[in-house]
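Enquirer: First to last, the protein sequences are chains A and B. Using this note's numbering, the first residue of the first sequence is number 3, and each one after it goes up by one. Using this note's numbering, the first residue of the second sequence is number 2, and each one after it goes up by one.
Any given hint could turn out to be false.
Claimed, not checked - Dumping the calculated SDA-like pairs for lysine to any residue here, alpha-carbon to alpha-carbon at most 25 Å:
no.: 1; chain 1: A; residue 1: LYS349; chain 2: B; residue 2: MET211
no.: 2; chain 1: B; residue 1: LYS223; chain 2: A; residue 2: LEU150
no.: 3; chain 1: A; residue 1: LYS447; chain 2: A; residue 2: LEU393
no.: 4; chain 1: B; residue 1: LYS208; chain 2: A; residue 2: ASP356
no.: 5; chain 1: A; residue 1: LYS33; chain 2: A; residue 2: VAL213
no.: 6; chain 1: B; residue 1: LYS344; chain 2: A; residue 2: GLY13
no.: 7; chain 1: A; residue 1: LYS33; chain 2: A; residue 2: GLU184
no.: 8; chain 1: B; residue 1: LYS207; chain 2: A; residue 2: PHE374
no.: 9; chain 1: B; residue 1: LYS207; chain 2: A; residue 2: ILE334
no.: 10; chain 1: A; residue 1: LYS75; chain 2: B; residue 2: ILE340
no.: 11; chain 1: A; residue 1: LYS405; chain 2: B; residue 2: ILE340
no.: 12; chain 1: A; residue 1: LYS167; chain 2: A; residue 2: THR79
no.: 13; chain 1: A; residue 1: LYS138; chain 2: A; residue 2: ALA123
no.: 14; chain 1: A; residue 1: LYS405; chain 2: B; residue 2: GLN9
no.: 15; chain 1: A; residue 1: LYS22; chain 2: A; residue 2: GLU61
no.: 16; chain 1: B; residue 1: LYS323; chain 2: B; residue 2: TYR29
no.: 17; chain 1: B; residue 1: LYS344; chain 2: A; residue 2: THR73
no.: 18; chain 1: A; residue 1: LYS75; chain 2: B; residue 2: ASN349
no.: 19; chain 1: A; residue 1: LYS447; chain 2: A; residue 2: ARG391
no.: 20; chain 1: B; residue 1: LYS207; chain 2: A; residue 2: THR402
no.: 21; chain 1: A; residue 1: LYS329; chain 2: B; residue 2: TYR142
no.: 22; chain 1: A; residue 1: LYS167; chain 2: A; residue 2: LYS188
no.: 23; chain 1: B; residue 1: LYS223; chain 2: A; residue 2: SER149
no.: 24; chain 1: B; residue 1: LYS208; chain 2: A; residue 2: ARG371
no.: 25; chain 1: B; residue 1: LYS207; chain 2: A; residue 2: ARG371
no.: 26; chain 1: B; residue 1: LYS207; chain 2: A; residue 2: GLU401
no.: 27; chain 1: A; residue 1: LYS349; chain 2: A; residue 2: GLN406
no.: 28; chain 1: B; residue 1: LYS289; chain 2: A; residue 2: ASN58
no.: 29; chain 1: A; residue 1: LYS370; chain 2: B; residue 2: LYS223
no.: 30; chain 1: B; residue 1: LYS223; chain 2: A; residue 2: GLU401
no.: 31; chain 1: A; residue 1: LYS75; chain 2: A; residue 2: ASP165
Claimed, not checked - Covered by chain A, per the in silico footprint, the following chain B stretches (three or more residues, Cβ under 8 Å):
no.: 32; segment: 212–219
no.: 33; segment: 224–238
The set of hints was computed from the structure by calculation and includes no laboratory data. Where is the CB? At the ideal position from N, CA and C, for every residue including glycine.
Each chain, letter by letter, is given below.
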Amino acid sequence: MEGNVVLTMRGICMTFPGVKALDHVDFTLRKGEIHALMGENGAGKSTLIKCLTGINDFEAGEIHVDGIQGTVKNHSTLDAQNVGISTVYQEVNLCPNLSVAENLYIGREPMTPFHTIDRKAMMRKAAELTQRLDIKVDVAQNLENYSLAIQQMIAIARAVDMDCKVLILDEPTSSLDDSEVEKLFKLMTMLRSKGVGIVFVTHFLEQVYAVCDRITVLRNGTLVGEYPIADLPRVKLVAAMMGKDFDDLADIKPEGSQDFSNASMVIEAKGLSHKGTIKPFDLNIRKGEVIGLTGLLGSGRTELARAIYGADKSQTGTLRVKDQEVKINQPIDAMNLGMGLLPDDRKAEGIIGDLSVRENIILAMQAKRGMFRQISRAQQEKIADEYIRLLQIKTATRETPIKQLSGGNQQKAILGRWLATDPDFLILDEPTRGIDIGTKTEIQKLILKLAGEGKSIMFISSEIEEMLRTCNRMAVLRDGAKVGEIDGDLSQERVMAAIAGGASE
Amino acid sequence: MTKKKITQHPLFLPLVCVLLVLAVNVIYDISQGNGIFNFFITTIENGVLQGRLITILNRGSEVAILAIGMTLVVSASAGTDISVGSVMSLCASFCCMLVAGYGVSAVSSPEEFSMPLIVGILGALLMGCLCGAFNGTLVAYLNIQPMVATLILWSAARAIGLLLCNNLIVYVRVPEYGIFGGYIGFLPTPILIAAVCILAVSLVLKKTAMGMYIQSVGINKKASRIAGLNSRRIIFICYLLCGLCAGIAGLVNSSRITSADSNNIGLNMELDAILAVALGGNSLGGGKFNLAGSIIGAYTIQAITTTMYNLGISSAVTPVFKAVVVIVIVAIQAPPVRIWFQKLRAQNHKEVARV
Numbered sequence: 003m004e005g006n007v008v009l010t011m012r013g014i015c016m017t018f019p020g021v022k023a024l025d026h027v028d029f030t031l032r033k034g035e036i037h038a039l040m041g042e043n044g045a046g047k048s049t050l051i052k053c054l055t056g057i058n059d060f061e062a063g064e065i066h067v068d069g070i071q072g073t074v075k076n077h078s079t080l081d082a083q084n085v086g087i088s089t090v091y092q093e094v095n096l097c098p099n100l101s102v103a104e105n106l107y108i109g110r111e112p113m114t115p116f117h118t119i120d121r122k123a124m125m126r127k128a129a130e131l132t133q134r135l136d137i138k139v140d141v142a143q144n145l146e147n148y149s150l151a152i153q154q155m156i157a158i159a160r161a162v163d164m165d166c167k168v169l170i171l172d173e174p175t176s177s178l179d180d181s182e183v184e185k186l187f188k189l190m191t192m193l194r195s196k197g198v199g200i201v202f203v204t205h206f207l208e209q210v211y212a213v214c215d216r217i218t219v220l221r222n223g224t225l226v227g228e229y230p231i232a233d234l235p236r237v238k239l240v241a242a243m244m245g246k247d248f249d250d251l252a253d254i255k256p257e258g259s260q261d262f263s264n265a266s267m268v269i270e271a272k273g274l275s276h277k278g279t280i281k282p283f284d285l286n287i288r289k290g291e292v293i294g295l296t297g298l299l300g301s302g303r304t305e306l307a308r309a310i311y312g313a314d315k316s317q318t319g320t321l322r323v324k325d326q327e328v329k330i331n332q333p334i335d336a337m338n339l340g341m342g343l344l345p346d347d348r349k350a351e352g353i354i355g356d357l358s359v360r361e362n363i364i365l366a367m368q369a370k371r372g373m374f375r376q377i378s379r380a381q382q383e384k385i386a387d388e389y390i391r392l393l394q395i396k397t398a399t400r401e402t403p404i405k406q407l408s409g410g411n412q413q414k415a416i417l418g419r420w421l422a423t424d425p426d427f428l429i430l431d432e433p434t435r436g437i438d439i440g441t442k443t444e445i446q447k448l449i450l451k452l453a454g455e456g457k458s459i460m461f462i463s464s465e466i467e468e469m470l471r472t473c474n475r476m477a478v479l480r481d482g483a484k485v486g487e488i489d490g491d492l493s494q495e496r497v498m499a500a501i502a503g504g505a506s507e
Numbered sequence: 002m003t004k005k006k007i008t009q010h011p012l013f014l015p016l017v018c019v020l021l022v023l024a025v026n027v028i029y030d031i032s033q034g035n036g037i038f039n040f041f042i043t044t045i046e047n048g049v050l051q052g053r054l055i056t057i058l059n060r061g062s063e064v065a066i067l068a069i070g071m072t073l074v075v076s077a078s079a080g081t082d083i084s085v086g087s088v089m090s091l092c093a094s095f096c097c098m099l100v101a102g103y104g105v106s107a108v109s110s111p112e113e114f115s116m117p118l119i120v121g122i123l124g125a126l127l128m129g130c131l132c133g134a135f136n137g138t139l140v141a142y143l144n145i146q147p148m149v150a151t152l153i154l155w156s157a158a159r160a161i162g163l164l165l166c167n168n169l170i171v172y173v174r175v176p177e178y179g180i181f182g183g184y185i186g187f188l189p190t191p192i193l194i195a196a197v198c199i200l201a202v203s204l205v206l207k208k209t210a211m212g213m214y215i216q217s218v219g220i221n222k223k224a225s226r227i228a229g230l231n232s233r234r235i236i237f238i239c240y241l242l243c244g245l246c247a248g249i250a251g252l253v254n255s256s257r258i259t260s261a262d263s264n265n266i267g268l269n270m271e272l273d274a275i276l277a278v279a280l281g282g283n284s285l286g287g288g289k290f291n292l293a294g295s296i297i298g299a300y301t302i303q304a305i306t307t308t309m310y311n312l313g314i315s316s317a318v319t320p321v322f323k324a325v326v327v328i329v330i331v332a333i334q335a336p337p338v339r340i341w342f343q344k345l346r347a348q349n350h351k352e353v354a355r356v
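Just chain A, with the same shape it has in the complex (with noise of 0.2 Å):
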């Protein structure tokens, strides 16, 4: 083995039920370098890190790991811990309500010598530990009131005191804001200098030159190669990653904004609000538009449609449906009158994991039909491989479970749970987190296709520049209100300055 050397994989082989997932991969990883891990959904990325760390067991190949004689096979996280590996994953593991100097040391406590934990002890190591890193914290506090970056941060912290070579950050900014990316991103670049190899998940493309040193690109399972950063521009990264020319995003949208003032009203808010989450607000949403509700995290997007969609009942205002005043109490009120919602959560409030990709589409349409007028079968399966044909939806067969599908794939499935209804209105919430390039394209395309066939959308993202390719009209928020509408000519500028507060209004 090379000296600088801390982990590689060889010949890595691994098949699913129907699916070849790895087929003989290669990664190498050295000491003191961030290596991205690209490639779509379903490219095999978390397949290979789960054979890294013992949940999956690869039938073939062999991994070396720096310090180890002969070849390491982990059969389970604790093994990978053992042989210096360690994961922290997009949803954060730790013990919400415990104190973060006990998360820190959960399992390998400081003991006295009467064998009770040494509770001074323990503070005293953790809050060593996190000025050290530079994390600052107060151990003593329960870790729930830190911010979700906080908390990921306890969780390398944690994974770091283990003595790790080989740090592995799944997806680890799906959900930070950018001032949160860079604190990450600081710990990141300073483990580098102590000479800890990390390899770092991610969809976002930006981030991948922002700190990475070299890039591993896998498609369908198999390797497509190693590049040091600077020999893989953007371009050829996605060209990479898909297997052909990027197509070129900027172009889907129709030229010249559109006249919309004519088209029939659909959503009218007038007041509506949800105790502790969203201030009232008023929005107007007309048939055919595409509307995107743009903030910072926490900013209140995600409870404005909420509130509309009846998922947290408002309780002021009032809301008009194409010219009838409603009251929504639940969301099946809401999908009576036309509306779907894609939740952003798409593992706690999307997918039901364990029924199948058939079951998982005509959900929301069987509960619209109501308990006793059962779908047949036959329908069922039509629906569902209708779907699954429509949106490329990879799977096995339609009888999988749908949490055996990728993330991307979910949120297809998802996707087209909703789209079974036919609705009129349809509010999706970060349809494309964690989603590939490819996929996140084809996402776009068919809101805009949607919206042409007279849909009205809601459309939320936390990247701008998607929403600029989509969207006619913009409605802004900060700190739990809506602060104010952009339409005509939308530019990253004007956006980002009306999302800071800024007087571009």
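Following the hints, position chain B against chain A.
Expert: Chain B only, in chain A's frame:
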């Protein structure tokens, strides 16, 4: 895709378990010099079906009926309804109280009835629904943990029954009342009642979307709500049905002894019902369920008990043997053991290939 193997069918293990228990009987019969099929011999004596198999089906009826409701409750709410045994007793007491009149300890002819029998029966079923609705309200609308919510009626229902009966064991010694625990023609009525309940619920599950609704809510309550399901109402309905099942089981049990013995009817039966669900290969963590599995589980429990009697083991030590059998059955179905079996089989295949 490879064709699904029979061993991967969700009902495979529950069926193997029940067959194992039956096999013990057969082996015992052979060792005693009886016929191999002695166990399965079913005769008509005194105009009714007799035989050990019939005994199992007959005696297992109450647990089978309870298991239906319990399966739904477990699936939708990832919790168990531990009040069903007590609710059985309450329903039985209420029925007998209505029929005999408050404070009357025994009636022996229909002329002494204070109310027609049908009122008593409907009253008992209504009482079951009421108890189920109470549990359902606590769990679904007040978000109380199922175990805690149903603990209330677990401790109170039996006592309420005693109050209703003025602390007496009320006897309704008329043949009409005994029919639910007795025979219709040559067939034991409990078997018939259990069959009707199972059929009715299976039909509802097949012909409506209820099964998918319940599983969906059990797997992800929040996502189900966003997709338009009324998660709370679905959980409520499951508890309601569970209460109704307890009412039916209570009637059958009370009818067997033509009386309402508040202290003994349905005693500890909630545990058998929960065990039936688990033996049927269902996760007590909610979500996906298999009703047929639970039913098989219910009869497995009865088969174990009947086998114990058959082997001449005294009823005092029966629970010990029952426990051992249950441990074995549950262990066979545990995921680590399954994986171990699979690996063993894969190894055998390899060796066969090598030879």
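Enquirer: All hints, please: hold or fail.
Expert: Hints and how they fare:
1. A:LYS349 / B:MET211: Holds: LYS349 (chain A) and MET211 (chain B) sit about 23 Å apart, inside 25 Å.
2. B:LYS223 / A:LEU150: Between LYS223 (chain B) and LEU150 (chain A) the Cα gap is close to 21 Å, so the pair holds against 25 Å.
3. A:LYS447 / A:LEU393: holds, 11 Å
4. B:LYS208 / A:ASP356: holds, 21 Å
5. A:LYS33 / A:VAL213: The given pair, whose Cα atoms are some 15 Å apart, holds under the 25 Å limit.
6. B:LYS344 / A:GLY13: holds, 23 Å
7. A:LYS33 / A:GLU184: Holds - the C-alpha atoms of GLU184 (chain A) and LYS33 (chain A) are around 22 Å apart, at most 25 Å.
8. B:LYS207 / A:PHE374: holds, 11 Å
9. B:LYS207 / A:ILE334: holds, 23 Å
10. A:LYS75 / B:ILE340: With a Cα-Cα distance of about 18 Å, the restraint between LYS75 (chain A) and ILE340 (chain B) holds, given a limit of 25 Å.
11. A:LYS405 / B:ILE340: Status holds; Cα separation ~20 Å.
12. A:LYS167 / A:THR79: holds, 14 Å
13. A:LYS138 / A:ALA123: Given pair LYS138 (chain A), ALA123 (chain A) holds - Cα atoms ~19 Å apart, limit 25 Å.
14. A:LYS405 / B:GLN9: Between LYS405 (chain A) and GLN9 (chain B) the Cα gap is close to 19 Å, so the pair holds against 25 Å.
15. A:LYS22 / A:GLU61: At roughly 11 Å apart (the allowed maximum being 25 Å), GLU61 (chain A) and LYS22 (chain A) satisfy the hint.
16. B:LYS323 / B:TYR29: holds, 17 Å
17. B:LYS344 / A:THR73: holds, 22 Å
18. A:LYS75 / B:ASN349: Holds, at roughly 23 Å.
19. A:LYS447 / A:ARG391: Between LYS447 (chain A) and ARG391 (chain A) the Cα gap is close to 16 Å, so the pair holds against 25 Å.
20. B:LYS207 / A:THR402: holds, 20 Å
21. A:LYS329 / B:TYR142: Within the cut-off at roughly 21 Å; holds.
22. A:LYS167 / A:LYS188: holds, 18 Å
23. B:LYS223 / A:SER149: holds, 23 Å
24. B:LYS208 / A:ARG371: holds, 14 Å
25. B:LYS207 / A:ARG371: Holds. LYS207 (chain B) to ARG371 (chain A) sits at ~16 Å (cutoff 25 Å).
26. B:LYS207 / A:GLU401: holds, 17 Å
27. A:LYS349 / A:GLN406: With Cα atoms ~12 Å apart, LYS349 (chain A) and GLN406 (chain A) stay inside 25 Å; holds.
28. B:LYS289 / A:ASN58: Judged against 25 Å, a Cα distance of about 24 Å means the pair holds.
29. A:LYS370 / B:LYS223: Distance of about 17 Å is within 25 Å: holds.
30. B:LYS223 / A:GLU401: holds, 22 Å
31. A:LYS75 / A:ASP165: holds, 19 Å
32. 212–219: Our answer is that it holds, as 4 residues pass the Cβ test (under 8 Å) against chain A, meeting three.
33. 224–238: holds (count 8)
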